[in-house]
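Take a look at the letters that make up each chain.
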Amino acid sequence: MSRLVIDRVTVRYGGVTPLDAVSLEFEDGVCGIIGPNGAGKTTTFNVLSGFAIPAEGSVHIDGESLLAVPRHRRARWGLRRSFQQEQVIRSLTVRENLLLAAENSGATRASVDAALDYVGLDGRDRLGSDLTILERRLVEIARCVVGEPRLVLLDEPAAGLDPAESEMLLGVITGIPATTGALVLLVDHDMDLVRAACATVAVLDFGRRIAAGSTAEVLTSPDVRKAYLGIEEEKA
Amino acid sequence: MNLLPFLVAGLVIGSVYALSGVGVLVLYRTTGVLNFAHGAIGALAAMLLWQLVPTQGRLQPAIGIAVCILIAAAAALLFGLLAGPYLARIDELRKAIATLGFALVIIGVLLFTWNDKARTLRLDTSSIAINVGGSRVNLTQIICLLLAVLVVVATVLAFRYTSIGMSMRALASDRELASVVGTNVRLVENVAWALSGAIAGASGILLANQTRLEPAFLTFLIIPELAAVVIGRFSSLWLTLVGGLVIGVLQTLASAWEPITAYATIVPFLIATVVILIGRRRVLTIGVVRS
Amino acid sequence: MISFLARRNTRVGAIGLLVGLALAVVIPFLPGIGQGSGLFALTACAIYSLAALAAGILYGRLGLVSLMQIALVAVGGWVTLRLYYATDLPFELVAVAAAVVTALIGTLLSLPALKLSGLSLAIVTLMIAGGIQVVITATGFPNGGTGFLGRLPAGTVPDTMPRPTWGASDDAYFRYVAVVVAVVFLAVWWLLSSRVGRAWAAIRQGEAGAITLGIPVTRYRILALLITSFITGLSGALLAANTGVLDSTGTTFSAQQSVLLFATVLIGGTFSLSGAVIGGIFFYGVPVLLQAWGVSGDLVFIILGLGTIQAITTNPIGIAGSVAALARRWRTPRRASRAREVTA
Numbered sequence: 001m002s003r004l005v006i007d008r009v010t011v012r013y014g015g016v017t018p019l020d021a022v023s024l025e026f027e028d029g030v031c032g033i034i035g036p037n038g039a040g041k042t043t044t045f046n047v048l049s050g051f052a053i054p055a056e057g058s059v060h061i062d063g064e065s066l067l068a069v070p071r072h073r074r075a076r077w078g079l080r081r082s083f084q085q086e087q088v089i090r091s092l093t094v095r096e097n098l099l100l101a102a103e104n105s106g107a108t109r110a111s112v113d114a115a116l117d118y119v120g121l122d123g124r125d126r127l128g129s130d131l132t133i134l135e136r137r138l139v140e141i142a143r144c145v146v147g148e149p150r151l152v153l154l155d156e157p158a159a160g161l162d163p164a165e166s167e168m169l170l171g172v173i174t175g176i177p178a179t180t181g182a183l184v185l186l187v188d189h190d191m192d193l194v195r196a197a198c199a200t201v202a203v204l205d206f207g208r209r210i211a212a213g214s215t216a217e218v219l220t221s222p223d224v225r226k227a228y229l230g231i232e233e234e235k236a
Numbered sequence: 237m238n239l240l241p242f243l244v245a246g247l248v249i250g251s252v253y254a255l256s257g258v259g260v261l262v263l264y265r266t267t268g269v270l271n272f273a274h275g276a277i278g279a280l281a282a283m284l285l286w287q288l289v290p291t292q293g294r295l296q297p298a299i300g301i302a303v304c305i306l307i308a309a310a311a312a313l314l315f316g317l318l319a320g321p322y323l324a325r326i327d328e329l330r331k332a333i334a335t336l337g338f339a340l341v342i343i344g345v346l347l348f349t350w351n352d353k354a355r356t357l358r359l360d361t362s363s364i365a366i367n368v369g370g371s372r373v374n375l376t377q378i379i380c381l382l383l384a385v386l387v388v389v390a391t392v393l394a395f396r397y398t399s400i401g402m403s404m405r406a407l408a409s410d411r412e413l414a415s416v417v418g419t420n421v422r423l424v425e426n427v428a429w430a431l432s433g434a435i436a437g438a439s440g441i442l443l444a445n446q447t448r449l450e451p452a453f454l455t456f457l458i459i460p461e462l463a464a465v466v467i468g469r470f471s472s473l474w475l476t477l478v479g480g481l482v483i484g485v486l487q488t489l490a491s492a493w494e495p496i497t498a499y500a501t502i503v504p505f506l507i508a509t510v511v512i513l514i515g516r517r518r519v520l521t522i523g524v525v526r527s
Numbered sequence: 528m529i530s531f532l533a534r535r536n537t538r539v540g541a542i543g544l545l546v547g548l549a550l551a552v553v554i555p556f557l558p559g560i561g562q563g564s565g566l567f568a569l570t571a572c573a574i575y576s577l578a579a580l581a582a583g584i585l586y587g588r589l590g591l592v593s594l595m596q597i598a599l600v601a602v603g604g605w606v607t608l609r610l611y612y613a614t615d616l617p618f619e620l621v622a623v624a625a626a627v628v629t630a631l632i633g634t635l636l637s638l639p640a641l642k643l644s645g646l647s648l649a650i651v652t653l654m655i656a657g658g659i660q661v662v663i664t665a666t667g668f669p670n671g672g673t674g675f676l677g678r679l680p681a682g683t684v685p686d687t688m689p690r691p692t693w694g695a696s697d698d699a700y701f702r703y704v705a706v707v708v709a710v711v712f713l714a715v716w717w718l719l720s721s722r723v724g725r726a727w728a729a730i731r732q733g734e735a736g737a738i739t740l741g742i743p744v745t746r747y748r749i750l751a752l753l754i755t756s757f758i759t760g761l762s763g764a765l766l767a768a769n770t771g772v773l774d775s776t777g778t779t780f781s782a783q784q785s786v787l788l789f790a791t792v793l794i795g796g797t798f799s800l801s802g803a804v805i806g807g808i809f810f811y812g813v814p815v816l817l818q819a820w821g822v823s824g825d826l827v828f829i830i831l832g833l834g835t836i837q838a839i840t841t842n843p844i845g846i847a848g849s850v851a852a853l854a855r856r857w858r859t860p861r862r863a864s865r866a867r868e869v870t871a
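Chains as they are written, first to last, in our numbering: chain B, 1 to 236; chain U, 237 to 527; chain W, 528 to 871.
It is possible that some hints are incorrect.
Each pair of labels, with its calculated beta carbon distance range [as the list claims (entries may be wrong)]:
#, chain 1, residue 1, chain 2, residue 2, range
1, W, 743, U, 375, 37 to 47 Å
2, B, 217, W, 753, 52 to 62 Å
3, W, 745, B, 53, 12 to 22 Å
Here are some of the chain W residues that sit facing chain B, going by a computed Cβ distance under 8 Å [as the list claims (entries may be wrong)]:
#, residue
4, 547
5, 551
6, 735
7, 742
Not everything, but these chain W residues come out facing chain B in the computed CB check (under 8 Å) [stated by the list, open to error]:
#, residue
8, 710
9, 725
10, 729
11, 812
12, 818
13, 819
Calculated directly from the structure, the hints in this document are not laboratory data.
Idealized CB from N, CA, C, for every residue including glycine.
Same shape as in the complex, but just chain B (with noise of 0.2 Å):
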């Protein structure tokens, strides 16, 4: 099992400071991180796949320093992300897609067979182009479990789905950490997801963490509610 631990890690651009000294620690399962628009998660996930460097702090999985390793060998690190914006290539087919991500990062071409199984995606020479949206995401994750992971990025990964499919990607997510040995860490919006999926979550705010800890406690907390929701509890 795998224990992430990001120790006050800074983010400046120019004037502004994404994520100001934040600590976190993710272990086992799935764990989500959660905040209003601009509060720093998706700057948290560049940081940990490597397109935000920090200007301070440090980033540990299992003791090792996941910095160290330079941007491009992440993904045979065992790192993978899933992005808000839909990342299947349409002029592929499904197979081909997962092959690419299992080209580079080291994977065996079993492996795609094997993510697909898992996923439970049939009609594998189908182009990215004849899926439907809910398969396309189902890819995407497919693309996520293919190989050897060790940390896996969700992005919204429900984005553009109705609920009936959100729970069955539901499903799919849930079962990652157990299938793969994967710490996976989920961003998104939809707090039904976020309660269903995540074990433990943490929140952030204008780059900061505002709380952590089990999914029930965090999401019934004042301050969360507070950040959220922009109203004082005592006025509720």
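On the provided structure of chain B, position chains U and W as indicated by the hints.
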């Protein structure tokens, strides 16, 4: 060898490159469109002028020139009006390619109407000349020098003190914000197209007079014109002016040196390529930064 | 491998290839178009389809606008002629060597601009096209003389490079070119179906996504430049052998031509290989055809210009892509799509 005539000639041609570059820059900063058809619009104005004012002319030369500049402005404005909505939706690279298409259309029309024979465009102002240190400088050339500086100064002042100028700067720095604040984006853009077209017309006429009146040749003078914009780092009016002058002078001086005369016209390309390469840092747009 | 062969795309491609080769055999026998200047034009179209293929791969597969392809054709032609006069080796060796040199030059020239924006690369390649135009006009093409430039003194009758042994006559050379083109297209097609093609597709989709997948983006871009410049150099070699001598005085190798080539490729369709064939035909064939019919060749500029504007603002897949899409829609009935695409 007396280099002064070459220096003067270089400054003259350089100032027209600079003038042209300023036209390109103003449009680019306001609309994000790098207008590859700028040279072609100039060629259009030049050919029309040649047609309208043959020898003793039906039209007074001055009026003829004004008319042609207006037509150039109108052509650019027309393109801006028709293509504007589509251009707004695509990225800078594709906007520029669209103007490349516009340039091809113009060349086609020009070649079809007049063939590609080299002609000469005579301007009356060329007959008045003064003596500078042993070399003869005619009025047209003086106009080239002055016009470039004048336009740069006027533009800098307009940007700072007129409302449309300030709106252009607002658009240049943050489009979304400008429209939220109430800037009439379409109006400002259209003004930029017309203005840029007028400058293209003027510089086209001057270039045709100073080099040769040939549609394809004039159209592809966009290359040294772009070189001036490159040196100006796509943002500074003064640097574009300086850039144009430097290119003009170096190119003309190179043509004075016997062994490389034939290669002199490579100077703008070389300078621009070098400047581009040692210059801009690219920003990796990942589309995930705003969350 | 089996699944690759079984795919519909592969079947379509194989048929296209066979049709193309059949045409190559048959055309020289046809009266009119298969003779004299008609055959010459078709040969040139085939040669330019290679340059169009290169430009198409760069834009269609990697999103890179290169406005200097014709200038690289000139480089390929120049090196071919120079090497031939210097070494007297058989055409095939000289052509491959010229293609390699062009590959290196094209890649080195584009490399620094890769790190910049797409617009910068377009500008830089246009500058280079202009620069090469100036140089080539000043140096001319080698025609049998000595020295680095290989020029004979003015007024002497220039030498010509002979055709390759298996393509000596006009008919034979047309077929020779057709075979080379077929081989190159096959090779490119195989490449596009391989991991290289997949990586390119990912890069085109979005650099961030590609990097996240672990794709070494710059390396694949360099590979694309090497391959496309090689193909372009090859077309220069074929062009040189077609007439035995190349002329730098006209507009054949001007920056204008590079722009026109890009325009034809854009309109013909950059995403499919047939688009390159259409591009080649349009680029060389249409002006010639118009002239034969007494219509001004200058209309081509207008057609290409309007087509470019239309293609870039609305229709990214070009003529070939539209045809393919129509064919696909006609063949497969529309399924009711169950997902509602909700924008987040």
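Checklist line | Numbers of unmet hints, in rising order | finding: 1, 4, 5, 8, 11, 12 and 13
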